[in-house]
Amino acid sequence: MKPAVLTGEHFITGDVACAEGALAAGCRFFAGYPITPATEIAEHMAHRLPGVGGTYIQMEDEIASMAAILGASCAGVKSMTATSGPGFSLMMENLGLGVCTETPCVLVNVQRAGPSTGLPTLAAQGDVMQARWGSHGHYEIIALAPASPQELFYLTISAFNLSERYRVPVLVLTDEIVGHLSERVVIPEPSAIKTVERPRAKGRKDRFKPFQAGPNGVAPMAIAGEGYGIHVTGLTHDERGYPVMSAEAQVSMVDRLVGKIRNNLKDIIQTESYRLEDAEYAIVSYGVSARSSLAAVDEARDLGIKAGLLRLITVWPFPEETIRALADQVKGFVTVEMNLGQIHLEVERCAGGKAPAYLVGHPGGTVIPPERIIETLMNAKKSA
Amino acid sequence: MTRRYEIRLSGSGGQGLIIAGIILAEAAGIHDGKYVCQTQSYGPEARGGASKAEVVISDEEIDYPKAIKPDLLLAMNQSSCDTFFFDLKPTGALVVDSTFVKQLPTSRAVAIPFTQMARTELNKEMAANIIALGALARLTGIVSLGSLEAAVLNRVPRGTEELNRKALQLGIEAAKRYLADRSDISRGEESELGE
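Keeping their order, the protein sequence lines are chains A and B.
Just so you know, we're using numbering that gives the first Met the number 0 here: the first sequence kicks off at 0 and counts up by one.
Just so you know, we're using numbering that gives the first Met the number 0 here: the second sequence kicks off at 0 and counts up by one.
In short, the hints are calculated from the structure, not lab data.
Check before you lean on any hint, since a few could be wrong.
Claimed, not checked - Calculated cross-link-like contacts (lysine to any residue; reagent style SDA-like; alpha-carbon spacing at most 25 Å): (1) K68/B / P362/A; (2) K193/A / G226/A; (3) K68/B / K1/A; (4) K1/A / G158/B; (5) K68/B / V185/A; (6) K1/A / N153/B.
As the list claims (entries may be wrong) - From chain A, some residues computed to sit far from chain B (all C-beta separations above 12 Å): (7) T6; (8) V51; (9) G70; (10) E175; (11) V195; (12) T232; (13) G240; (14) Q269; (15) V287; (16) S292.
What the hints assert, rightly or not - Here's a subset of chain B near chain A, in silico, CB distances under 8 Å, partners left out: (17) I18; (18) I21; (19) A24; (20) G28; (21) C36; (22) S40; (23) K65; (24) P112; (25) Q115.
For glycine and all other residues, C-beta sits at the position ideal for the given N, C-alpha and C.
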C-alpha cells in the first residue's frame, strides 16, 4: 500500500499533484462529481483514499458534493471537493453555508472557459470574481492561484492549513492548463510538510460556546459526536450558535467572519516578485498567465522596457497594500489574465489613479502569448 | 540542442497522441533529466475531433508552457497537417503519417506510413503512435532511444511490452531508411532535423 505522502520525484499532472497535496495535508474525505478538467483529481482521490484510511464518495451532483464535505468536516475530517465552472456555480450556495458555519474545507476549481458549458476542455480564468462574490451576502474568502503542478501540490496543502487555521472554506483556483500540465513535482519527506489543525473545543461540554472567538478572531471548533451540545446553522447566530434575528446579531457575526480574514492579511497573503525593484511597468498576473508574463518580463527588458512581475499566489484577499505601494513607483500596471478584466478592476481600484492600469485579457480557450503583453507594454510606454 | 525545443503531436482523438506526448515528456524529463512541460488539447468527444499534445524540452526552467513556434510537428492526419504546418519554425521538421496525409505542404516533409505499418507489421493499428515516437527520436535525437524505450515500457499495459518494443523498433528503422535515402541524394546534411 502506498503511503499518504509520496516522497520522491514525480512527473505528474497538476490534477494529480493537487490530489497528492491534499493527502499530504491530511485530507481523508473527498466528495465530488466528475467534470472536465477536474475529473482526474476525483479519479486519483478515488484510487488513493481507501489505501490511507480515507473515504471517497461520488455524489449525485455538485450541490450534494459541497454539502458532503461540510458534513465530513463537522465530523472532524479534513475534506475536499474539486470541480470546474458549471459545478462551481452549483457549489456556491453551500460554500456560503461553509462560510457562515465556519466549517474548514477545500474547494478546487480547475477553471475552464464559460459562461455556461463553454469550452469544457480548454482553459480560462473567468471565475475569479465568482470565487470572491459567488455566494450571496457579504463575506471574506481565501483563494489561491497556483502556476505549476509543483505549486498546486504546495498550495493545496496551504489551502488546508489556512482553512483549518481560520475555519473558512479555502478555494484553489487553478485552470485547465495547470491541471493537465505534466511537469516535475518533488514531494518532500512527511516531516518537512507543515500541517495545521483547527483550534479544538476544550472545557465543560455543557457550557461551550461554539462561536466565541479566540484571540485571532477564530472560535475553537467542537466536533460532532464529541459530546458538546452545539447548534450549527446558516441563519445569523450568536456565540452559542442559536439563531438571532436582529441587526445587532448580524453586525456582530458578519464583522467577525470578515474580521478574522481582514485582520490577518499578513499571515494569509502571498505574492512573488520578479525584477520589480527598478520596474517602471508592473505586470500583475496569476496562475498560468503568470508564466506568459514571466517570459514577457525578460523579453521586454531586452527591448529596453523596465518591466517586472507581481505574481499573485493569493488572489483573495487581494494584496491591496502591495498594489498601492507599487502605484507610487511605477508608470503603469499591466494585468494579464484569461478573462476580460476581473483582477484588472482590483488593480485599477488600488492604483487609485496614480498609475494607469492596462489589461491584457482573453476570454479563454488559449494561453495568452507573451507577444501580446509586450505589445501592450510598448503601447503603454509610447503613451506615457 | 537549442535551449528550448518545442514539439507538437497532432491528429485526431483516438490516435494516442496525448499518451505519446506523455511518454516523450517522461523520456526527456525523467530519464534524460531535462526540464519538460507537457500540455494537451482535445475536444469534448471521446474519439474523433482534433487532438494535440505538446512537449517543451529545455535545459532551464520553462516559463511559457505551450509551443509557440514548434521545432517539430507530427501530423497524423491531413487536417492537423494543414492547420499546424504554418506554425512550424522555418527550420522546423514536419513528420507526417502518410497513411492519412496525402497532400504535403513542403517537399522537406518526412512521410512515413505509421498507421499502415502498424496494421500490416503488427496487426495492431493502435501502435501507430509508438512507431511514430521511434521515428521522431531517431530523426531528431531529441530524446535518447534508451530513455524512450524505458518511458514506453513504463506506460503501456502489461502484456503489450513486446508489441510496443517492436513498434518502437519499426519506427527507428523507418527513420534510418529515410535518413539513408536522403543522404544518398543530397549533401549529407543529416543534422538538419536534429537541430
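*Could you tell me which of the numbered hints above are not met by this structure, giving the numbers in increasing order?*
Those not satisfied are hints 2, 3, 5, 10, 15, 16, 17, 24 and 25.
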